[in-house]
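Order-wise, the sequence lines are chains A and B. Start counting the first sequence at 1; every next residue gets the next number (our numbering). Start counting the second sequence at 1; every next residue gets the next number (our numbering).
Among these hints, one or two may not hold up.
[What the hints assert, rightly or not] Computed list of lysine-lysine pairs in DSBU-like fashion (alpha-carbon distance at most 35 Å, straight line):
(1) LYS55(A) - LYS352(B)
(2) LYS87(A) - LYS50(B)
(3) LYS55(A) - LYS369(B)
(4) LYS369(B) - LYS423(A)
(5) LYS423(A) - LYS299(A)
(6) LYS357(B) - LYS384(B)
(7) LYS55(A) - LYS409(B)
These are calculated hints, taken from the structure and not from any lab test.
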Amino acid sequence: MKSNMLEKNWKPCQSYCQMSGAAVALLSIQDACVIFNGPRWCAVIAERELTICKKSYEKRLFCAEVQETDLLFGADARIQFIIEQIKQMMQPVLLGVLTSCSLSLIGDDTRGIALAAEPLCPIIALDAGGLNGEFCSGWQMAMQAILQEVKFPSLHQRSVRRVNLLGCCSGYPDAEGDVAEWKRLLEAAGFEVGVCLGEDGLTLPAIATLPQATLNVVIAKELAENLAKDLQARWQQPYIFAPAPYGFRQSIEWLETIGQALNIPPQLTVLQQEIDVAIDAVCEQYFLFQKIIPDFFLKRAVLALPYSRAVPLGRALQTEVLDIPELVYCIQDAAFDLHEQNIGMAEMPPVVLETNSYQLLFGSRSARYAAENWSHTVYINGYIPDSRIQRWHQTYTGIRGWQILMDAILQQLDILCHNNQTK
Amino acid sequence: MIGNYKHKQVVHCNLNHIYMAMAFNPGAVLVLHAPRSCSHIPESMRQYFKERSYYAQEKKIALQPNNLFVTGISDTEAIFGGEKLLEACLRDVARNQRPDYILAVPGCTAGVIGDDVTAVARLVEKETGVPIIPVPGAGFMNKQEEDGLLVVSRLLVQRFTRCSSQLPRKKTAVIFGCNFAINSNRIRDSYQQIFASFGYQALFPPTGMYLAEFTAMGQTGIVVSGTMNRRQKKAYDSFAEAFARQMGAPYVPDALPDTPQAIFDWVEKIGTVLGEPEIASMLIRDYKAQLEAAADKWQSVLGTCSYWLSINAPPYVYRPEAVLEKLRYLPLQCQGFILLPELNETHFAYYKQHLKKYALPIYTEQEYKQRNLLPDLVVTSIPKSMYTRQLCLSGMQPGITGILHLWEKLALLLRDDRSIVYEE
C-alpha cells in the first residue's frame, strides 16, 4: 500500500449511511412508514440524523430491535411484532423495511417475513446497510423500489410541455425552497411541472402521473441518473441532466436547455426583466461593499457538496458577480466515478488568508471544521442540514436564490470584516 | 418514534465511546473495521468535539487531527472475509502516521463475518512495531453492555501501565469514569482543585492523556471510581478497585458528590486516605463559608419562592433528591413533581414510587397542564414551552462549584425576571 493511498482509502465517511438515504426517499411519500431492521443503536443514530433533515419524519420511523440471538434464529418475530404495532397506531400507505449491514448477512427473506404479518399496504424490503454505498445510493435504491410499487395506468396521455424533476431530495437543506423556485422558473417559462420525485409529501397516485411528462430532468445525477434510465427504458421517456441552476445566467441557460430538449423555446421575457432588476441591485451592493473594505479579496471557494450542486455553483461563483479566482471541489457522496467527469475529489488544501482576504465554504458542518480559518470563512450550509429548524422558503438556486445567496454572503462578510478590523 | 418507543433492551454501538476515549490522546489512532458509513458515527462526534474545543478553548490537550480511519468493508469482504483489508489499512496507518498506538475496532459486520482482528493486529504490530490493540466495538454482538470508555481504559492499562506495588508512589490521583469527553470542565476543575489542595495532580483516564502518562499511572497515589452514571457504577468500581489493589494505592469508591453534606464527607474521606485530615478540615470550612455567603447573597432575590421539579432524565443519571436538597439549603420549597412523557414506563414507575416519600403531588405532563398551575418557577431537566419560568438543568452539579453555579443561575432567572435560564 503506497503512502499516498492513506487518506484516499481510509478516511471516514462525511455523509450519512445508505440506510438514512433510503429512509428519506421512503418517508418523502406521504403516510409511508419505515422499519429499521437492525440493532436499536443503528436506528437511533439514523433517527437522529433524519430528525435534523426533517423533524416530521421522526413519527414514522420504527425499529425491529434486533438482538444477537436473532443472528442465529432470524429476526422474523421482531419484524412481525413491530408491524403489528404500526398497524395499531397508524395506517401507512407504504411500509419500508430497511435491513442494516450486519443483518443483511444472515439472509432473512425480509419481504416474505413482512408480508406474513399482513401489513395492509405495499412492502418495500431493502438491504440498505451501507456495504456498497452511502446516503445517495440508498436514496436512489429506495426510489427505484417505490416506482416498482406504484400502479401506473396502462394508457397515458403525454403533455408536450410537461417535465418531471428527478432527484429532489427532501433531506437536503432548503429542499422545499429549491423545488418551489424550480417550479416557479419552469412555469414562468411556459412549461408544465409534473412530478418532482423526492419532494416531501408526494402521494403514490401523484407519482403515477410520471409518464404524462415528455421529459425527465435529472436535477441530481448522484441521486437520479439510474432512475431516469429506468424510466427511459420503461416508457421511452427521454431524460437530460440539467443540475440545479445557480445564478442569473445559469437559470436562463437551464430553461433553454430544457426547452431545447422539449423542442419548445422558453418564454423568458418576464424572467429576464426580473434578472435585469436583480443583477443591478446585487452588483451595486457588492461594489459598495468592496469599496468600503480596503484590499478586500475573495481568495477561493470550497465546494464540499454533491457533484450536481458543486459544479454549477462553482461555475456561477466564477462567472456571476463575485469572480472568485480559485475553486476547490471536495465532492461528497459521489456515487459514481468522478474521473469521467474530469473533476477531482480533492482534500481541502490549507490556505493562508491575509487580513482582508476571505474564502467561501459551501458544505456541511464537517467541512466547516476541516476548513478552519473561521474568522475568514463565509460558511453556507449546502449539504447535510446543520439545523433542525426548517427554512421553509429559502433557496440559493435559481434567480431568487442567487439574490438570497449574495445577500447571505455579504451579510456574513460584513460581520467578519468588522470583527477582524476591531481585533 | 424510535427514541420515544417503549424501551426494550438497549443495544449499544460502542464506536462513539471508543472514539471519545482516545480522541484527545496525542499519538493515538483509531482504525474502524466496518463499512465506511459506520465511520460517520465517530466522525460526527469528532465535529462535536472540535466545536466544543473551539468555543471552550480546551487548552490542556486539543482534539488530535488525523486519528480516525476506516477499512470500508463492502459486500466483497462480507463474502470473502475482510482480514486482508484490515491488514492493509493497519499497515498503511502504522507506517504513514507512526502513531504511539492504534486501537483496532471491529464493527457489527466484522463481528458477523468473524474476522480475526486480534490475529491481524498481532501480525501488523510485529511487522511495524506499532502497538495495535483490538477493542470490541460490535454493538449488538457484545453479550453485555459495557461502556466503551471503560473498555479502552482497561485495555490501555493492561497494555501500557507498569503495575507494581513496589514502585514509589507519585502525587497523582487517578479518577476513572470522569473524563475529558463526557463531563463538563467544571467537574474536572473541581477534582483538580480538591486534589491540588492536597498537592496531587488529577488524571482522568483514558482521555486527554499521553502514552507516558499511562505508563506512569502505575505509581499513582490514589484511585477514585468517579462515574456519576449509576448504571455503570458497578463495572467502574470493580475495575478501579482491582487497579488500586494491583498498584497498592488507596481507593475511594465514590465520585465527587452533588449535595453539601455529602461533599463535606467525601473531602473528609479523601483527607483521611491521604493522611492529611487537617487540609480536609480546612477545605470543608472554606466550602461552608462559600455556601453560607452565597445563600446570604441570594436570599433577597429568592425570598420565599417555591418550585416544581420536572423530570425527563432516567434515574441512573438524575437524582431528584439531590436537587431538592441543594435548593432546600437556600431555602426553597418544592411543591410537586411533573413526570414528563420522555420517560419510559419503567423509569416513570420508578419515580412514581420513589417520590412518594415526599408526600407531594406527582403529575404527568397532561395532568399538570389540566390544572393550569402557575408556580413561581419550574426546575426541569428539559425545556418545555408550557412552563412560564424555568431553570433548565443539564445534569448533576457535583462539587461546591456545581452547587454555587446552580444557585447563581437560579437567582439570575428570578432577579432578571427571565422566562428560561440554562444551567450550562
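LYS87(A) paired with LYS50(B) [C-alpha distance capped at 35 Å]: Since the Cα atoms of LYS87(A) and LYS50(B) sit roughly 43 Å apart, the hinted pair is violated (cutoff 35 Å).
Sort out whether LYS369(B) lies within 35 Å of LYS55(A), counting only the CA atoms. holds, 24 Å
Taken at face value, is the distance from the CA of LYS352(B) to the CA of LYS55(A) at most 35 Å? holds, 31 Å
When you check the alpha-carbon spacing of LYS357(B) and LYS384(B), does it fall within 35 Å? Holds, because 26 Å separates the two Cα atoms, which is no more than 35 Å.
Given pair status - LYS423(A), LYS369(B), alpha carbons within 35 Å: violated, 50 Å
Taken at face value, is the distance from the CA of LYS409(B) to the CA of LYS55(A) at most 35 Å? holds, 31 Å
Agreement of LYS423(A) and LYS299(A) with the hint, judged by alpha carbon distance not exceeding 35 Å: holds, 21 Å
Hints 2 and 4, counting from the list given before, are not met by this structure.
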